[in-house]
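Enquirer: Take the sequences, apply the hints, and build the full model.
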Amino acid sequence: QQGQGQPPPQEAQQAQEPPVEEAPAAAEESVWAEGFTPEGYPYWYNYLTGESLWEMPPELQAQQQAQQAEQQAQQAQQAHEQAQQATAQAQAQQQQLEQQQAQQQ
Numbered sequence: 001q002q003g004q005g006q007p008p009p010q011e012a013q014q015a016q017e018p019p020v021e022e023a024p025a026a027a028e029e030s031v032w033a034e035g036f037t038p039e040g041y042p043y044w045y046n047y048l049t050g051e052s053l054w055e056m057p058p059e060l061q062a063q064q065q066a067q068q069a070e071q072q073a074q075q076a077q078q079a080h081e082q083a084q085q086a087t088a089q090a091q092a093q094q095q096q097l098e099q100q101q102a103q104q105q
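Note that full-length UniProt numbering gives residue 53 to position 53 of the sequence shown, counting from 1, and the numbers run on in steps of one.
In case anyone wonders, no lab produced these hints; they're calculated from the structure. Be a bit skeptical, because a hint or two may be false.
Stated by the list, open to error - Label pairs and their computed distance ranges (CB to CB):
1) Glu59 x Ala92: 32 to 40 angstroms
2) Gln64 x Ala88: 31 to 39 angstroms
3) Gln105 x Gln82: 31 to 39 angstroms
4) Glu55 x Ala86: 41 to 49 angstroms
Beta carbons: idealized from backbone N, C-alpha and C, even for Gly.
Expert: Rendered as structure tokens:
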């Protein structure tokens, strides 16, 4: 995606040093930094090679997807644990009701 009236990232980087807002890299070991043009468009800059891209680099996309998958797995585990607790509570309540009914007879 090039456009939106913007120069290519290489030129955008040269036009303004340093980037207007530089966000932290997606991972500490990443060589990519996200920057924004003065108009607010994001781009990614590789500080080792000097390459810049309008699209998120594939390795950052993969890291982002892995992080999302990990979060989803954690959420699923939490939901499973909550469901187990709810089941145990319901069973305990059922046993109490059965005991109360047995005592009333």
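Enquirer: Are the hints correct? Go through all of them and say.
Expert: Evaluation of the provided hints:
Between glutamate 59 and alanine 92 the Cβ separation comes to about 50 angstroms, which falls outside the hinted range of 32 to 40 angstroms. A hinted range of 31 to 39 angstroms holds for the C-beta pair glutamine 64 and alanine 88, which are about 37 angstroms apart. Checking the proposed 31 to 39 angstroms range against glutamine 105 and glutamine 82 shows it holds: the Cβ atoms sit about 35 angstroms from each other. Distance hint check: the CB atoms of glutamate 55 and alanine 86 are about 44 angstroms apart, consistent with the given range 41 to 49 angstroms.
The structure fails to meet hint 1 from the earlier list, while all remaining hints are met.
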